[in-house]
Structures are given as structure tokens and as C-alpha cells.
Amino acid sequence: MGNDKGEVKESKIQYLLAEVWSSQRVLYLYFLLNMILTLIVSITVILTPRYLIAELTGNGKVESIILISGIFFIVTAVGGYILSYIKADYELSISRVRYIFIEKIKEKIMRVRYENLETPKYLNEFWRVTSATSDIEFGVQGILEKLFLISANGIASIFYLGILGRLNILIVLLLVLNIYLIYKLRSNVSKYEVETSKKASRFWRRQQYLSRVMEDLAYGKDIRIYGLSNFLLKKLVDNQKERKVIDTDIQKHHVAVDFAESIFACVRDAVVYGYLIYCVLNNRLSIADFTLCFSAVATLTITLEHLFEDVAFVSGDLFRIEEMKHFLELPNEEEPVSAEMKNEKVPQADQYEITFEHVGFRYPGAEVNVYTDFNFTIKAGKKHAIVGINGAGKTTLVKLVTRLYDPTEGRILLNGTDIRCFDLIEYRKLLTVVFQDINLFAMSLKENITGTDGDYDKDRFQSALADGDLTSFYDSYGNNQDMQLTRYLYDDGVEVSGGERQKMGIARALYKDGDIIIFDEPTAALDAHAEYSLYHKLATLSEGKTLLFISHRLASTRFCDEIILIDKGSVVECGSHDELLAKGGKYYQMFTAQKKYYD
Amino acid sequence: MKSLLKEMYILKFFIKRVWKASPSYVMASTAESFLGAMIPFITILFPKYMIDEMMGEKRISLLAAYVLIAVLIGLILSMITSGLKRYMNVTTRDVMIGFEADIGSHNMGVEYKNLEDPKYIELKDRAMMPIRERATHYFMVHYLPDMLKYLITAIGSLCILISFDIISLIVVLIPTTVIVFLNKEYQKKDILIQKENSTMNRFFMYYYGLVEDFSAAKDIRIFQLHPLLMKRNNECDDRIFTFKKRASVLKGKFDGQSRILEAFRSAFTYGYIGVKSILYDATIGSFTMYIRAASTFSDSTAKILNIFIQLRQDCRYLEEFVQLEELPVETGIEGRKDVDLDNGVLEFKHVSFCYPGTEREVLKDVSFKLRQGESLSIVGRNGAGKTTIIKLLSRLFQPTSGNILINGIDINSIDIAHYRDLLSVVFQDFKTFEFSIEDNVTSGEKVIEKQLTLALEKSGLEEKVQSLPQGINTNVGKRFDNNGTEFSGGELQKLAIARALYKNASVIVLDEPTAALDPYAELEVYERFHDMMENHTVVYISHRLSSCKFCQRIIFLEDGSIIEDGNHDELVSLNGKYSEMFQMQASQYVS
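Chain order of the listed sequences is A and B.
Quick note: the first sequence uses the working numbering, first residue 1, plus one each step.
Quick note: the second sequence uses the working numbering, first residue 1001, plus one each step.
Okay, chain B solo, but in the shape it has when bound (with noise of 0.2 Å):
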């Protein structure tokens, strides 16, 4: 019982998506569905009629009247059924897109500690399988209409049957419902099956990814790696045909056992109305009837049942997606939205941090202050904790111990939309899009002419953009329009600065930004860094030294904790590690 309540839950989760995404989609399925469960009562009542004219009075007008009604009804209820059927079509892919867009909206709006979290990635990964590998979501939409229609059916040739009497109805029934109780049976075990062989399902997607995705493509033919990706891969497919296998052989016991019930269910109607009309010397035509409803009754009833358990097993299927589904995401947390953002302090209040599930402490008791038109250059090897700083900053993570605040209050009580407006990031492995230049630059907030432009110029773009045919309305990138163009690794960099630079927020972070840059484009950044930043708070964070220079401050990290604090001279006189990695990069340059 506890488990019906679940899955109607499920079932009530995905008919008010269906419901918000395309109202027009659902009234559609439900006229389609009472008009086209009308369409066998004509080969059940007319034939009734006919055949007891043709033994009877054989009159010919009545005749020609009966097939008349019966074709044209025929006719116009086809023609409606298949009008809305085509348009329901159409409006089919309005409701997935629907689902896409609320699956999208709340992948976006989780919060990012998840993204990292294996556990979640798991879930998420297990969630979307059968949205994704099954259609699962399809299905579901197309089977409630469907039951709906065999369900008026089912009532209507009932009705009929038990004008002929009840006793008729119960040998329908009881065959159906054996089916019934089996089916349950057959449930619990598929879905022991199925627990079984979930790992299966992550190492699939992992080979089946491989597919897609061709940046492996060169190591791959220099390092000859095929034959062993290839063994892995069949290896996998082969332990999931056991799986397969098996569930296979259920599911093959179960549908035989059903159709043997079904057709003792259709061999006794037959038994029992013929005998009896011979008994109570029925009319034909009564006779032709009765067993027609009796079938016609079977039929949609076994249909129904099987929606029904398709219905189920999908809403289990559907459990984890729902679970997901249903996490809270960040905008939904309460915040304040009354801070002032542009003029403050930030400040690391003995921070300390590890990474969700793990208990390395990436961050130990990391303190330093922000002030505002400051800018900053955070330090240190590979592993240091420069980008985990910087996370923290954007709140993507939450610290461990210790607090972040702004003008003395914690970051942590302002609402999250608010707060992010504060700063602009480029990361390392920052990701543009393959929209217009301006759809890049602006990230789809209201145009401003003037600071478009600006952007484009301080990051160095603008030479780019006015060298193309359609300036800034061209595609970044050829997928979506011949007429797109290819950004290089530097020019993409460049945009990712100018979109980081038109949101003109009051912090801007840079995340080894001229690691793919060649020398004369690095140079460039250097050179206009005060242009781009007047105005700015910046944190800078680089292995590369030479651009310690023109910060006003630095700080070195080594294994999470701040070893070294100041301006460039004051940290070259300590003679330190800022020192000895300054040389060391230098030494490479000067003779």
C-alpha cells in the first residue's frame, strides 16, 4: 500500500508538469480519449441490429439506414480522433521541452557543492537514465490518455454485458484478476534484478560516453589504446546481457502466464454466452453482440492492466529523478537583499575547508582582509588552494570552520542572487557558449551599448569583432551556423574576460587567465591589466609570477595556509618562497 501512495505521488509530480508545460496537450489527449473509446461501440451495437433485421424482418430500408448511420459515425469520428491525434503530436514536444527546461532549471539552481559531491553525480547520473536512456518521461505522457480511453471503453461494454447478466461479467473478471496478483509478483522480482546490476548502468554511460566524445581521439591513436578500451567496453556489455537476460526470462513467464489465463478468460465466455443463449434462445444478433462486448471488455481491461503495471514500474524507475527533482535549490533559500556591495571589505575570518566527503583540509586557518579598488595576487604551487580561495568567494562551497564576511557581515546570510552580482570569475576552466559574441559578452542581461563596447576593448577583443562580416551578432563557434567562426584558446579567453568585464561587478577574479595565451596576447593582458581593473577590486591568481608586478598585494599559500603576505619588493627582501619562485621562473629569461 505504502508503495501505491509513492508512486501516485509520482504519477501527480509528472501530470502537473505535463499540466504547466502544455494545458493545450492534456485537454487534447482527453477529448481524443472519450471520442475514440466510442469508436468500437459501432462494430458492437450496429452488427446487433443488422444481423437481427437479416434473420428477421429483412427490411431493406431499415438495412441501408443502419450501414448509412454506422459509416458515416465511423467517419466522423475518425476524422476528429485523427485531427487531434496530430495535433497532439505537435504539442507532445512542447511537454518534453518542458521537461528539459525544468530539468535544466533545477540542475542550475542546486546548490554547487553538489556538482562536486560523487554521491550526488551518482544520483543524478542514476536519476537521469530513464529520462535519458529509456524515454521513460515519453512514455508516461502517451499512457494516461491511452488508459483513459480503454478505461471508458472498459465501462461502456460492461454495461452491456451486464444487461445479459452478472454471472458473465464474473467470468471475465476473475481470470483478470489472477493476472493481477501475479503481476505483483513479477514486479518484485524484476526490480530485485534491476537493484542488482545499477552499478552496471554508471560503467555503460562511462563507455557509452566515449562515443560521443572525441577528445580522447588522439591519445587514443598515438598511444593505441583501443584494443583495451574496446575489451573493457564489451566486457561491460556482456555482464549487462546478464542482466538483461534474466529479466528477459521473467518477463517471458509472466506475459505467457497471462496469456494463458487470458485465454481460458476469452474460452469460457465463449462457453458460458453460447451455452446459455442456447438455453434461453437468445437472438443472434444478441449472441454476436454479448460476445463482442465480453472481448471488447477483456481486451481494454488487459490493456489497462498493463498500462497500469507499465505505470508502476516507470514510476519506480522515475523515483530517484523525483528525488532529485525535489532538492532544494539555492534561490529558494531566504537571504538578505539589503547590503551594500560595492563598497566594502571582504574579509577570510580563519577559514578552514575540505572538500564535502573527504578530510584533507585543503584551506587551514586562512585569514586576510579586502579592501575595496584593491588587487590582489594569490600564489603558490599546484595544490595550494588558490581556486579553492576563489570558490569560496563566489560561494560555491561553504568553509568548513571560520567565516566569510562583507563589511563585517557573513556572506552566507545574503540571498545567493544577490550576493553573486558582486562578482565576476574567470576560471581556469571557464566555459563559454555557442551563442552570438554579444549573447556571450552580455550572459543575455538587457544590452548596454556603450558598456559592450567598453568590455570588448579593455579585454582586446574588438579587433576580432569588427574584423567579421557580422560583428558582434557572429557565432562563436561553427555548430550552430556556417557562418560562425572558430575562437582560438586565446580569443575565447578574451571573451571571457570581456563577459566577466561588462558585468561590471565590484570584484573581478582572474584564474591563471594567460595560461593559454602566447606571449604577445599574455603581454596584452598585462598591459591593459590597469585599464580592465580601474575601478575594481581583482584578485589575481597565477603560477606565472611575472604577474605579481602590478598587483598591490600578494599572498603565497602553501598546503592551504597563508606563509607569505605583502607587496612584491617587501616579499623579494624576505627571501623567502615568493622569492625563490620568482628566481627560479626569472633565472629562465635572464642570461
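This is chain A alone, in the form it adopts within the complex (with noise of 0.2 Å):
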């Protein structure tokens, strides 16, 4: 355990303690209070006995007896209901503290790059970070509980080595040295635990993901229909059997600890007891002081052998709040990459244009690029579309635009200018985009569709409805604005159909009215009534300003002005409908097998 490990330990506690100390700072003194407090009782506890005694060996005195039991009892009375009403409000606190690291969590994680969200090693990797939150009995919850119990420990055993020592120092030496020596053993088995338990983390995670998968309702038609039922239960339970292997493997380096734990304890007991009945015998101590160090040692033993155990606990659950650090402290996506590309105000222009140019893009992790040296130019205020198979880096290119992820090489520019240099939110704000799959919240529709709770237009609002046809759907139930929508919390809400989600996802993004349109695969849920009127509500909608249409259904971007044909990450085929028709190419071809069924 050298400086630096120490220096990386102390800077996690630290991290909580700074947390503590600006949102509640009352902990520091429950701290204090519960430590003065507990010592106090302690001390009482410990000392009435051996007055008692001494009472009994010498005056015999009955009024003695009471009064030495009343003080007894006003001690541990008063302190004792004082530290219950410090128990329950610190552990509030505590509890307090972790829902804030709960907020700073899911807040990072709506506002940190994208990237890190679907890299697989995230993925796998994120229950660590949540882990400091999601329980409370480890993690921050754990952590700071314990810290309490630890202090409270501490200092019960200062002062019982204290009453060791004035009778001999080599008691508390051994003492000392014997818990020292158990709690290295110990330590050498957490290492080991930890170490091993990085093997057992796969079995974790596919428990987990068993678990999900046979209490979530969207497996259950499936899960009927095919008869999964025993298959998945016996993967839970072979899982297990994996699991055990490895958990006794654990469970047996501690019980080898365990063993020299209790040899030095009956070693050291033998030592100690007839250390102190010497003295006894040699007039060196009275009864009433070897009945205290007989209390005092066992006492002792058991104090410090919890408080080994927790600051070993701590030291291991430590972990956690390392990855939870790790987390929070990744840069938000707005930040700026570079010191020399930021500041550049967005343009102000009627119309924009978005110029891919040798632009290279491999996901992290991957070992392919999507794109190699992809140069191309959506054009102002025209309309294009882009098509391709499945994979061909469709959806990879919005991401691109959208400044979910930025290029690995080369560079993408609007209006002239690298897009890595402006704002990100302000970027954004030309943007208006219709993922594939939409999401919907807990909140009412008109929180939905435009983002906020508070001011907007109105109009807009009317319009974004009308405009993504949902003016019936709106009607049906009574033009209220606020009914709200999915049933996650409210029974009365509504759950909509998957037609009915992609139009809000397109009214949505009608209420943004960005200058730069994406539309990404919009329609495939949709009947042929809504697709057709769709495609003709995009052509007026998109007069004037750029659009990019993703679609795999060909005769959908008949209404574009260009089309861009993509495969294996590059442009093949560029032109409008009918110049790729005539062409015969690949373009041609897809089209033409659509279009198979139709004649």
C-alpha cells in the first residue's frame, strides 16, 4: 500500500466528503455528535460494572449501589435517545446524498457525448457506475454509513486500549498487532475477491439480463408462443452453478483467514487472561479493575475487529465511487474539442449547406470504418435522399450531421465552416430531425411535442399537430393539450399506436422548425394513406430549406431533387429519379425490385 494508492483512495473519499459538505453539511456535525455521544455511553457502560464492584468489595454501602445505577441510567438514557434521533435523521441525510449523485448521474448521462453511450465496453461497464447509487447498503449509501460506525468504533477503542494500557502496554502491543495481522490477511483476500469477482461479473450480468428478460413484458408474447419458459430458467440456474464455482473458490480464502483469526484470538485470550489473573494473584490489580479489563478486552476485540472489518469494507466498495467519479467527470458534449475550434458564431443565412469532405468514421471500438475519404455536398435549400442497404451507413451519417458522433478524419462543414467549431446547442438548433425509432415521455403532448413546460408557440404547436396529421387524433380526445401520454405514471394516460407515435416523432420535430430537415426511415410503420400523405406534406413543408430523407422505400424520395445512392461507405450513385433510372445502375436495380410486386 504505498503513497500513491493512499493518495488515490483519499481523493475518492474526498469526493464524496465534498458532496456531503455542500449539500449536507449537518452530517459533519451528527459526525461529531454521534462520536462524543457514543464514547460517552461507552464509557459508562464499561466503568458501572466495575464500580459496582468495588462497592461490593469494600463499603457494601446499599445507597451506593443506587446511586451509581441512577447515574447510570440518566447517562444511557439521555444519550441513548439523543443518538436515536441522530441515527434517523443522518441516515436521511445520507440517503439524501445519494439521490443527488442519483440526479448528477442520469443528468450526465442525457448530456455526455454521445459516443460513450453505445460503445460496447459502456454498455457492459455501466451497472459499475450505478452500483454507487442503486443500493443501500454499498456505494455512497454504504460508504457514508459505515464512515459513522467507524468513527463511533474508533474511538470506543482508543479508550478501551486506553484502560489496557495503564496496567501494561504490552497488552495493548499484542492487541494491536494481532487485529493488525488479521486485517493484512484479510485484505490480501479482498484483493483476491476483487480480482476474481471481475471473472464473476459476466455471470453478474447475464443473471441480470435473464432476470430482465423473463419480467419484461415485451418478451412475454414471444416467451408463450415458443415455449421459452424452461429454456430460460435453465439458463439461470446453469448460470449459477458457473457462479458458485467461483463464489466458493472466494468463500474459501476467507475461511482460511477465518481459521487464523480464531488460533491468534484463543492464543491471545490465554495470554491475556492469565496475564491479568497474575496480577490478581500478585496484588497488583483488584477484583473490580480485572473484571474492567476482562470487559475491556472482549469489548475491545469485538469493536476493533468491526472496525477493521468496516474500513475494509470501505476500502473495497471504494470502487464504485471511482467509477461514478469517472463518469460524471466526462466532458458534456457541448464542450468543445479542441481549444482552437470553438467560438464561431452560426450563420445567419436563408438557407445552408452541409459539406462532407474526405470525411473518414469508425465507430470506437469497431474495426472497420463505416466511411473512408466520403466526400459529398448537400446542397441549399434542396431536397435529397439517401438510400441504400441496410448498414450501408445510412443512419450513420445523420449521426454525423447531428453531431452525435464527429468524423475520425476529414471534416464536415456548414455554410464554410468546420461544424465542430460552433456551439453545440446552437448548432442544433438548425436541426430538425425524425429519428427511426421516436421516443415519447411521461409528460403531457404539448410537453412532447415541444420540449418545455413553460412559454411556447402556440401556433406553431397548432400547426406542427395539423401538419403531422394528428388533427383527428387530437380531436378524439378533446383537444386537450395536456392529456398526457403513455401510462408509465398515470392510468388515464395514453399509450398510442406505432403509427400514431411516429407522427407525433414528426410533429415533434415540425414544432423545432429547423432550417436543415432528417428524416430517418419515417415511415415504416406507417399504413399507405399516412406514408403517401406524408410524402406530400414533406415536399411543401421542406420548400425552401434542405432536407435529407433516409428511406429503403424507393418511391418515397421521388418528390426529392437528388438522390445519393450509398453502399460499403462511399457515394456510387448521385442524380435525380429519373437520370438514375436511365443510368441502369444500382439505383435502378433496387428500384425495379421494389417495384416487382406492384405491376
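It should be emphasised that the hints constitute simulated quantities derived from the structure, not laboratory data.
All of these numbers come straight from a predicted model, not from anything done at the bench.
Virtual Cβ for every residue (Gly too), placed ideally from N, Cα, C.
Incorrect hints may have been included.
[Stated by the list, open to error] Simulated restraints, written as ranges between beta carbons of each label pair:
| hint | chain 1 | residue 1 | chain 2 | residue 2 | range |
| --- | --- | --- | --- | --- | --- |
| 1 | A | D482 | B | Y1355 | 35 to 41 Å |
| 2 | B | K1113 | A | T471 | 28 to 34 Å |
| 3 | B | N1197 | A | P364 | 41 to 47 Å |
| 4 | B | K1369 | A | G381 | 55 to 61 Å |
| 5 | B | E1326 | A | G454 | 43 to 49 Å |
Two chains, two separate frames, one set of hints: put the complex together.
See below:
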């Protein structure tokens, strides 16, 4: 345990304590009070029998017995009452701290760079971040509560050590040496446990996955149709069998230390009691003090054990804080990419043109580029359709334009300026995007469409609904903009169908009214009528604006000025619908394929 | 009294589950309780003899013997209990997994209609809260052996105390009894607070879901939704804390009062035993022993009481969980198993349907027959009732009126597992699993090589499988296996189709199977259709009307009723809704 590790560990606790200081300062007061009062009560509890016995072996006065008992009562009653009050309140405060961290994590998830959320590493490791706050036994709450226990036990231990030290310093040394040795052995096993737990983590994740799948209502249909119940249960059981092997191994290591501990304790006790008896027989110790030291040794052992266990626990649990801290310190996506690229103002123009200049892109951790030396221009005020077979990189294009990702090579320009130089939020104001999967939130219709619960543009809201073909839907619910969407929170909320959901996604995008419109496979769930009217609407709505329309339904691209066919990360064909048909190339082939059954 | 009986029932429920999951855990923990209960007596009994000897004869050999025996007994007991505790650590997980298996098995077995019923969903969320949020069941499993241990210790120390006199016993017991009554009052008030705030849990779970689920992440960024969402979340947290504060203040008061009573008990014990020892000239050794016994007795009874309180509280938290788990499962309902499903005529007879808890009729008097080997296409606008027909056919729901028959027999009378052998369904929102390709396709059934290869061929997945180094053993998705491979939307659809084909059911239902596919893949599905579907009865739902041309029969649904029924040419010549829709789609392709 070199200095280096000590420093890192401290910064994690400091990190926690800094938050405590800023939001729940009263915990410091409670901490002190808890320590002091526990000490006072512990002193009273251990000294009372000693004085009683002294009285019994001495004067034997009944009044003194009653007096001693009375003092005992007052101290432990008052001290105990205050301690209970403090405990209830500090537990609440600590819980508050945990919630504050949960809030921070939630906010960070919403604001961190998007690439952090899609990498396999993150998907697999993210449980470590939330493990800091998902439990009351571990992480933030567990550690803070243990700190209280540690301080109280620590100070009581010092007192007990003092009692024994007055008799003979060697006793103290023996006890402390004993406990220290055991602690070292323990921490070695803990290290081993952490190492091995890494191996066990995949069993843990698999069990979580299986439990979730069995419980998730979305899987219910398939599980029943395909009779998957026994299959999933068997996987759960087999998974546990594999995990048990690792668990047993870890516990075996622990048991070895347990045995060492018992043997040390046996030897220590024999020595200590032997010594105490020797002192009594040689009149160096009264019987009253004998019982005091005897109690002190017993109490001290338990207290020190708890103390070391708790310290080891905190030490071992800090990794969760580390993970959480690391996550919370990730830059938000609006942070500038580098010192050179920032502080450009988003140009105010009537129309916008986006240029891909030698763009290369690879997802983090992927082995193959999605784009290599990709060049093309989205012309101002024109409608573009991007087509290509699935996996060709169409959605990635959207992610690059919206700066959910940045190119790994080359750059993307808006009216000539690298988009990384703009303030991210200002840049995104230009964009209106409808993704493939629409997410609706447990809020009102108005809030889902406008994204705010405050001031909003009423006219734009109404026309967004109309243009998104939601008028009849809106009518059927009494034109109530405060109607709740989804049934997550309110029973009288409305669960919308797939088609209505897509329309709402469109309405939301229309309300935003950006100058660059991007539609990514928006009509997959729409029926023929809705699809048809949407294409027509899009054509009118995007008049004068720059439109990027991604679809594999080739018929929908006919209202676009330019069609771009992407294959294997590059543009292979480019032109209007008629031009491309005339070419007789890939586009022509795809079109014929879709048309086939309509003839 | 009634509530105590209910709690005992719940406790018995859990004990049964624990025993079923791991009898060794129960045995180990019982043994540990017995042995661990004895440890405190070493420091109660031995000091008495040591002190009396030191104040009396002062024989060194005897004193040495006392010390040796005490430490050796301590050694043996602690080693055995350590071993048992470590063993319990391992087997506790067996118990927890046992619980997970029971929960999962129940979830997968209840009637499907519950899964779309908001009332059931709410019950489930409330019921699972103590399990998922607080691991109440985990603690319960540990409380019981602890309680046994303290019980034994209490009885032992009680016996020692009684040898002093009965009054000391009463002195200890009276404050304890008062605490019990105080606790009852506390529980009542605490429950009220919990009830008032149960809706908050639902909100909390939703916002907590935002943490775990990244799918909304794109929308949140593009539309800058985080200020609003965080505002809502923080409001929810604040409300939760108002309730927590009330519960906490109540608890603090109760705990404080208990401690005063406990202080009184100890003080009185000291006073009483002390005074009586003076008056009756008891030995110092005995005094120490009785004081120790009294304190051990009050400690253990306090602990027993706390555990008892906690257990009762936990039982109450878990009441809804037990309620949930005792809902009947589908497979428990009796049904016929003798029906031949392979050569049948399926018939919807005047079927009407409303989703449970709603009044809107999604299907109105729908009647049609489906013969073995026929291919049927169901078309119509979104919300017309197409998927609902499939859910009724799969017996995920029952018709509100009318019957569904197979060869004249009402399908409700057939054993549900047997009936479901009839169908393979690929739903619009189908789910596959992050297991191997083989596992996904065979659904865990016995692997028949020929059938597997055929399913992969017919669904078009064979090429992909052959391109993978681990072939059919490759994991779908990289979550559990770095050598796994991500499947695109289209590939997942092929996987779902392969699964449906492998089952070799006589009726195959495809619900919007090409919605996510690109033109080539879509064409592939169409081209393979006949191959895929030979010897099967097929029901095909799509709003891509191009697919209707290769079905023998088409049903057009509007607002829950069948308004047109025939084959493609017939319906086109009708010049009705189908014709209109078809023209509309086709016109996009034809100049």
C-alpha cells in the first residue's frame, strides 16, 4: 500500500465528502455528536460494573449501589435518546446524498457525449457506475453510513486501549498486533476477491439479463408462443452453477483467514487472561479492575473487529465511487473538441449547405471504417434522398450531421465552417430530426411535442399537429394539450399505436422548425394512406429548406431533387430519380426489385 | 391478530421457498445459530469460576485449567461457525437465484392479458419494489437464523437468571413488554405513511428507468429535453423525501423511546442485583455472572424484538408480492390434449373484442374460416385490429364475445401448451435473445440438425451463419461474449423467421415482417415465401400491399370489421377500399 494508492483512495472519499459538505453539511455535526455521545455511553457502560464491584468488595453500601445505577440510567437514557434521533436523521441525510448523486448521473447520461453510450464497453461496464447509487448497503450510502460506525467504534477502541494500556503497554501492543495481522490477511483476500469478481461479473450480468427478460412484459408474447419458459429457467440455473464455483473459491480463501483469526484469538486470550490472573494473585490488580480489564478485552476485540471489517469494506467498495466519479467527470457534449475549434457563431442564412470533406469514420472500438474518404455536399435549399441497403451507413450519416458523433478523419462544414467550431446547442437549433425509433416521455402531449413546460409558440404547436396528421387524434381526445402520453405514471394516460407514435415524432420535429430537416426511415410503421400523405407534406414543408431524407422505400424518394446511393461507405450514384433510372445501375436495380410486386 | 396470521402466512411462504431453493442453506444456518448461540456463555460462566477461585483458594492449576478450557472451547466454536457462515455466503446466492427463478417462472406463466393490463402492471411494480429496491427477501433470509440464535441465547441466559430469582426476570421483562406495545403503535403509523406515498414509487421507477435505458438518448440531445426531464425528476425526488422525512422522524422517536426503556431496564437490573447481592452476601463471581446473564438476556431479547418487528414489517411489504405470485398461471388450467392440430380448419365465429379495462370495440363481429394450407393476408389501416386478431388466435387474449374454433372445438377448451404447438408467430415487436444463434432458432428445444439447417436456409440466414467463424454457436450481440456479433434489424428479422420455421408449427403468422428490411431483403422474403410456407397455413399481416399478391386470400379490415374478402384480382375488380389502397401505393413506383 504505497503512498500513491493512499492518495487515490483519499480523493474518492474526499469526493464524497465534498458533496456532503456542499449539500448536507449537517452530517458533519451529526458525525461529531455521534462519536462523542457513543463514547460517553460506552464509557459509562463499561465502568459501571467496575464501580459496583468495587463497592461490593469495599464498603458495601446500598445507597452507593443505587447512586451508581442512577447515574448509569441518566447517561445511557439521555445519550441513547439523542443518538437515536441523530441516527434517524443522519440516515435520511445520507440517503439524500445518494439521491443527489443519482440525479447527477441521470443528468450526465443526458448530456455526455453520445459515443459514450453506444460502445460495448460502456454497455457492459455501466452497472459499475450505477452500483454506487443503486443500493443502500453499498456505494455512496453504504460507505457514508460505515464512516459513522467507524468513527464511533474507533474512538471507543481508543478508550478501551487506554484502560488496558494503563495496566501494561504490552497487552495493548499484543492486541493491536493481532488485529493488524488479521487485517493484512483479510485485505489480501479482499484483493483476490476483487480480481476474481471481475471474472464473475459476466455471470452477474447474465443473471441480470435473464431476470430482466423473464420479467419484461415486452418478451411475454414470444416466450409464450415459443415455450421458452423452461429454457430460460435452465439458463438461469446453469449460470448460477458456474458462478458458484467462483464464489466457493473466494469463500474458501476467506475461511482460511477466519481460521487464522480464531487461532490468534485463542492464543491472545490465553495470554491476556493468564496475565490478568497473575496480576490479581500478586495484588497488582483489584477484582473490580480485573473485571474491568476482562470486559475491556472482550469489548475491544469485537469493536476492533467491526472497525477493521468496516474499514476493509469501505476500502473495497470505493471502486464504485471511482467509477461514478470517472463517469461524472466526462465532458458534456457541448464542451469544445479542442482549444482551436470553438467560438464560431452559427451563420444566420436563408439556406444552409453541408459539405462532407474527406470524411472518415469508425465507431469507437470497431475494426472497420463506416466511411473512408467520403465526399459529398448537401446543397442549400434542395431535397436529398439517401438510399442504400441496410448497414450501408445511412443512419451514421445522420449521427455525424447532428454531431452525435464527430468524424475520425476529415471534416464536416456548414456554409464553409467546420461544425465542431460552433456552440453545439446553437448548431443543433438548426436541425430538425425524426429518427427511426421515436421516444415518447411520460409527460403531456404539449410537453412531448414542444419539449418544454413553460412558454411555447401556440400557433406553431397547432400547425405541427396538423402537419403531422394528428388532428383527428387530437380531436378524439378533446383537443386537450395536457393529455398524458404513455401509461407509465398515470392510469388515464394514453398509449399510442406505432403509427401515431411516428406522427408525434414528426410533429415534434416540425415544431422545432429547424432550417435543415432530416428524416430517418420515418414511414416504416405507417400505412399506405399515411405514408402517401406524409411524402406530400414533406415536399411542401421543406420548400426552401435543406432536406435529408433517408429511406429504403424508393418510391418515397421521387419528390427529392437529388438521390444519393451509398454502398460500402461511399457514394456510388448521385442524381435525380429519372437520371438514375436511365443509368441502369444499382439504383435502377433496387427500384425494380421494390416495384416488382406492384405491377 | 388477523394481521399476525397473515404475516405468518407470508413468512411460511418464504420459508418454503428458501427450503426449496437450498435445503443446505437452511441446515447450515440452523447449525450456525445453535453453535453461535453458545459463544456468549463462555464469558458468562467462566469468569464466575475464575473470580470465585481468585477470591477463595487461589489454586493456580485450577485457574490455568479454566483459562485453557475457555479459550479452547472458544476456538472450536468460532472455527466451526466461521466455516458455516462462509458456506452460507455461497448458498445464499442459491436461495436468491431460487427466488429469481420462481419470480421469472411466474411472470412467464401468467395469462398474457395481464401483461397489457395497467392494473396488473401497477400491482407488479408495487409488488416487486421491496424485492428490487430494498432486497427485502434477502434480509428476511438472514433474519430468521439470527432470530433463532438470539432465542437460544435468551433462553440460556434466562435459565441462569432464574437461578438467582424470579423478580430479576420480571425486572428485565417489563420494559421489554412496554417496547413491544410501543412498536405496535409505530408500525401502524409507519404503514399509513407508506400507503400515502406508494404512487411516488411509480414515478421514481420511471425516472430511474431513464438512468438505465439509453434508447431515448438521441431524442434528448437533439431536442434538448434534459432540463425538463431533470426538473420533473427532481420534483419527484423532493416529494419522495418529504415522505422519507416523516417516516424518519417517526422512527427516531420510537428508537429513542426504546433506548430510554432499555436504559431503565439495565439500570434497574444493576440496582436490584447489586442491592440483593449485598443483602444476601452473594459471591462476586456470582454477581458478575448474574449481571452478565441479565445483560445478555436483555440484549438478545432486544435483538429478537427488533428482528420480529422488522420481519413483520417485511412481511407487510411483501404482501403484494405474495399476492402476485399466487395469481394463477396458464399451465395450471386444465385443458384437452387430444385435439389434432395439424389438419384443421380455424374459424373465427362472430368474434368481438375489447381490451380489458377499455370500452372501445377493437373487433366487431369478425367471422372467417382458414383452411389448412391456405395463405391469408390481413390488411387495413393502422389500428384496424389486425394484430389483435393474431393475439386472439395465439390465445394471448380471449374474445369478449364469440368463439374461435379449430375443427369445431373451442380453442379455450384445449390445454394451452398443447394449443400453442399449433402456431409460430413473428410479431411486429418480436424479441430475440442474446444467446447463440442455435439457441435462438431452436428455442431451447432438442436440436435436430436437418430442421435447423432448413430453417436457416429458408429464412435466408444461412449465408451469414456460414460467414461467422463460430457458425451457429456465435452469440447474437456482444453483451456477453466479445466474439459475439451484432445483428442488423433485417438480420434479426431473419432470425425470428428462422425461429418460427424451426418450430415446424402448422400455422405460421407473420406480422409486418418486412417493415424494417431494405428492398433486397424484402424481395428475398417475398421470393422465398412459397418455399418458406409450403405445407403450412400462413397468415400474413402487412400494410405493404405488394405482399398480398402471393397470398391466396385477402381480408380487408376497417375499424374492427371485415369489409372485403377475396383474392387480389377479385378485390381489385371490386374497386373498393383495397383497390384504392393498392393503387395509391403502386402509383409511387409507376411513372
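Verification of the hints:
| no. | hint | result |
| --- | --- | --- |
| 1 | D482/A to Y1355/B: 35 to 41 Å | violated (24 Å) |
| 2 | K1113/B to T471/A: 28 to 34 Å | holds (32 Å) |
| 3 | N1197/B to P364/A: 41 to 47 Å | holds (43 Å) |
| 4 | K1369/B to G381/A: 55 to 61 Å | holds (56 Å) |
| 5 | E1326/B to G454/A: 43 to 49 Å | holds (47 Å) |
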